[in-house]
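Generate coordinates for the entire structure from the input sequences, incorporating the hints supplied.
Number of protein chains: 2
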Amino acid sequence: MNIIEELHKRIEEQNLWDKKISLKRNEYLKVAGTIETNLFYIISGSLKISLHDDREEYIIRFGYKNNFLTALDSFFTEKPSEFYIQAIKKTELKVISKQNYFNFINQDADLKQLWNLILQQLILQQMEREKDILISSPKERYNRVLQRSPQLFQEIPNKYIASYLRMSPETLSRLKKS
Amino acid sequence: MNIIEELHKRIEEQNLWDKKISLKRNEYLKVAGTIETNLFYIISGSLKISLHDDREEYIIRFGYKNNFLTALDSFFTEKPSEFYIQAIKKTELKVISKQNYFNFINQDADLKQLWNLILQQLILQQMEREKDILISSPKERYNRVLQRSPQLFQEIPNKYIASYLRMSPETLSRLKKS
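Residue numbers (this note's numbering), protein chains in the order written: chain A, 1311 to 1488; chain B, 1311 to 1488.
Simulated from the structure, these hints should not be mistaken for lab results.
Please note that the accuracy of each hint is not assured.
In this list, chains with the same sequence are indistinguishable; a pair is considered to hold if it fits within one copy or across any two.
What the hints assert, rightly or not - Derived pair list, reagent style DSBU-like, types lysine-lysine, alpha-carbon separation capped at 30 Å: (1) Lys1422 x Lys1319; (2) Lys1441 x Lys1334; (3) Lys1389 x Lys1449; (4) Lys1469 x Lys1404; (5) Lys1389 x Lys1441; (6) Lys1399 x Lys1375; (7) Lys1422 x Lys1408; (8) Lys1422 x Lys1330; (9) Lys1422 x Lys1389; (10) Lys1422 x Lys1404; (11) Lys1441 x Lys1375; (12) Lys1375 x Lys1330; (13) Lys1375 x Lys1334; (14) Lys1330 x Lys1469; (15) Lys1449 x Lys1399.
Structure below.
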């Protein structure tokens, strides 16, 4: 069992979820400028996390089933987030508040260690993402992400993957065929 | 006192450093493909962390005095790192092995909490860095980093800051004057 499944199982066993929520396709879970102190677990569906500026939307992460998701900037700092989180299709989520989550984590050393490993994994994933963005060849960017996250290409429509990979949908289609 | 100073003070109090080392200007602390299981504290000087591919060097971080530094990918996974770490000027470092470091951290709950906060801070810094790279306007990229890390502009030569900011040295000079 991986550490994400382990964390989910432990929360489930103690029945700590505050509620379940449903999002329609294109519905926002979160808009920039608001505070987010919930952690979400995706039962079904998929979402995208993005930044917006005057010019464009920058998709920085996806969430899909059996994974956790939140606006991590706000979840850690309790200040307004810069991120938008939007459902790509109909999505079902379980919700746990930050307070309940950390009461749970802090109850035993094993759980603290598990959370620690998850933070480490997040840092490693962010380093991979940084490399993905820096590498100038679209083909290399595509190959790296395909190898690392094959699930992405099953769950997420092309146009969003293209944005995430910083290339046009046409370039992505060409690379997928080659 | 910030959490980095706190961590340094606690290691210092227990006299846990394995050794001190000196690097000449341009000397490598670390080349890609090798394992790094030491954590370094910079007494004086500065360093750059970079990725190389066939085409170019991508500077992803700087280290300067009173900060910790390592090849974090390898430090966590104990697999070969993808990073180069090179001294920008004459640099003095204190060294603690991963094993000694985690023996130290695991000895008390406060230290575990401190390490946890440092991991959180790293994640937030990486999110800022991801935004820095994505934003397409060089002026905005410059302003964001200037606001966040004024120390960078005192410690690090222009040509390296330009590489870190993904712009030409000429563009950076122009932005600094404007």
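Hints, one by one, checked against the model:
{"no.": "1", "hint": "Lys1422 x Lys1319", "verdict": "both (15 Å within a copy, 24 Å between copies)"}
{"no.": "2", "hint": "Lys1441 x Lys1334", "verdict": "between (33 Å within a copy, 28 Å between copies)"}
{"no.": "3", "hint": "Lys1389 x Lys1449", "verdict": "between (37 Å within a copy, 25 Å between copies)"}
{"no.": "4", "hint": "Lys1469 x Lys1404", "verdict": "within (27 Å within a copy, 48 Å between copies)"}
{"no.": "5", "hint": "Lys1389 x Lys1441", "verdict": "both (28 Å within a copy, 17 Å between copies)"}
{"no.": "6", "hint": "Lys1399 x Lys1375", "verdict": "within (12 Å within a copy, 48 Å between copies)"}
{"no.": "7", "hint": "Lys1422 x Lys1408", "verdict": "both (14 Å within a copy, 19 Å between copies)"}
{"no.": "8", "hint": "Lys1422 x Lys1330", "verdict": "within (25 Å within a copy, 32 Å between copies)"}
{"no.": "9", "hint": "Lys1422 x Lys1389", "verdict": "both (24 Å within a copy, 24 Å between copies)"}
{"no.": "10", "hint": "Lys1422 x Lys1404", "verdict": "both (21 Å within a copy, 29 Å between copies)"}
{"no.": "11", "hint": "Lys1441 x Lys1375", "verdict": "both (25 Å within a copy, 26 Å between copies)"}
{"no.": "12", "hint": "Lys1375 x Lys1330", "verdict": "within (14 Å within a copy, 48 Å between copies)"}
{"no.": "13", "hint": "Lys1375 x Lys1334", "verdict": "within (15 Å within a copy, 50 Å between copies)"}
{"no.": "14", "hint": "Lys1330 x Lys1469", "verdict": "within (29 Å within a copy, 51 Å between copies)"}
{"no.": "15", "hint": "Lys1449 x Lys1399", "verdict": "within (28 Å within a copy, 36 Å between copies)"}
Checked against the numbered hints given earlier, the structure satisfies every one of them.
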